[in-house]
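Colleague: Spelled out, the chains give:
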Amino acid sequence: MASEAAVPVAPVVIAEIAARVAQQTDGVVELDGGPLGALATYGGGRRIRGVTVTRHQGRTEVAVRVTATYGTSLPALGATVRGAVLDELAAAGITEDVRIDVAIVAIAGPGEPGEPAPSSGPSPAPAILPG
Amino acid sequence: MTDTTPTPPATRQPGDSITSLESDRGITSIAESVVAKIAAIATREVDGVDSLGGKLSGALAGVVGRIRGEEHATAGVGVEVGTKQAAVDISVKIKYPAPIPQVAEGVRQNVIDRIESMTGLQVVEVNVAVADLAFDGPGEDDTANTGRVE
Numbered sequence: 001m002a003s004e005a006a007v008p009v010a011p012v013v014i015a016e017i018a019a020r021v022a023q024q025t026d027g028v029v030e031l032d033g034g035p036l037g038a039l040a041t042y043g044g045g046r047r048i049r050g051v052t053v054t055r056h057q058g059r060t061e062v063a064v065r066v067t068a069t070y071g072t073s074l075p076a077l078g079a080t081v082r083g084a085v086l087d088e089l090a091a092a093g094i095t096e097d098v099r100i101d102v103a104i105v106a107i108a109g110p111g112e113p114g115e116p117a118p119s120s121g122p123s124p125a126p127a128i129l130p131g
Numbered sequence: 001m002t003d004t005t006p007t008p009p010a011t012r013q014p015g016d017s018i019t020s021l022e023s024d025r026g027i028t029s030i031a032e033s034v035v036a037k038i039a040a041i042a043t044r045e046v047d048g049v050d051s052l053g054g055k056l057s058g059a060l061a062g063v064v065g066r067i068r069g070e071e072h073a074t075a076g077v078g079v080e081v082g083t084k085q086a087a088v089d090i091s092v093k094i095k096y097p098a099p100i101p102q103v104a105e106g107v108r109q110n111v112i113d114r115i116e117s118m119t120g121l122q123v124v125e126v127n128v129a130v131a132d133l134a135f136d137g138p139g140e141d142d143t144a145n146t147g148r149v150e
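These protein sequence lines are chains P and L, in that order. Take the first sequence: its position 59, counted from the start at 1, is 59 in this note's numbering, and no numbers get skipped. Take the second sequence: its position 20, counted from the start at 1, is 20 in this note's numbering, and no numbers get skipped.
Some hints could be false.
As the list claims (entries may be wrong) - Covered stretches of chain P (in silico footprint by chain L; criterion: 3 or more residues with CB under 8 angstroms from a CB of chain L, positions within the stretch not fixed):
#1 66 to 79
#2 92 to 100
What the hints assert, rightly or not - Distance ranges between label pairs, derived from CB positions:
#3 L/Q109 <-> P/R55: 46 to 52 angstroms
#4 P/H56 <-> L/E45: 42 to 48 angstroms
#5 P/P35 <-> L/E125: 51 to 57 angstroms
Think of the hints as simulated: they come from the structure by calculation, not from any bench. C-beta: ideal position from N, C-alpha, C; glycine also.
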């Protein structure tokens, strides 16, 4: 009934939703773009750092890489981010079969930069792409 | 129903893997470097610990720290991480005259507590090597001086 992919949604849209939600989760310091910031999703002139979206066989896989705060329970953090992103995607009417992989790739220790959550909200800092 | 999934874990970096907590809507993975850093911070939290490492002394360690940056935060810590368990080796410099066995035990307890609570891994082993002692300058100088004057 709920035929998947009824409305194609650009990967960058999914990535941006995931990034916003992840960044607002308690215990997440920032998203991590990996070596040279290569792990990102591009589209619409924007770059969403730390989130990749791949589709195959009718399934959408979203991988989110985060730096967490020291003291946070990391398994719980992963589950919280996953649940929140799935909720937000559902609320946005995205009905695809989505999997959310959360990778905790770094820890920000007490007193390290990045400790206070970026209050300016997500950083969809419109990176103007060449070309 | 989850058997026909030939999907390799997406965006897995070499040396990045470890603890994967599966759920039917995705996995949560914790990098090995994260476990190492937790161990490093947990060690510094213990009273009587001066610093980590000890193989490199003062100035040299500073230079290495500047070159290696973030990585240096976990110098003196070695971790081995499996899917459910972890083992940790730590090399520390202890403040003189703190009681060494008690400080080492404190490090062991705090590292186990922090890693287990934050990652859910079971810590099977924490080896603490006391590599050096840190002295507060004045003490030594005073005695040396009093011996000479008069």
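Colleague: Please go over all the hints and tell whether each is borne out by the structure.
Modeller: Here is how each hint holds up against the structure:
1. 66 to 79: Holds, because 10 residues of the stretch 66 to 79 of chain P bring their Cβ atoms closer than 8 angstroms to Cβ atoms of chain L.
2. 92 to 100: This one holds; 3 residues, not fewer than the three required, reach chain L with a Cβ under 8 angstroms.
3. L/Q109 <-> P/R55: 46 to 52 angstroms: 47 angstroms, holds
4. P/H56 <-> L/E45: 42 to 48 angstroms: Given a distance of about 45 angstroms, which is inside 42 to 48 angstroms, the answer is holds.
5. P/P35 <-> L/E125: 51 to 57 angstroms: Since the Cβ atoms of P/P35 and L/E125 sit about 31 angstroms apart, the hinted range of 51 to 57 angstroms is violated.
Violated hint for the displayed structure: number 5, the only one.
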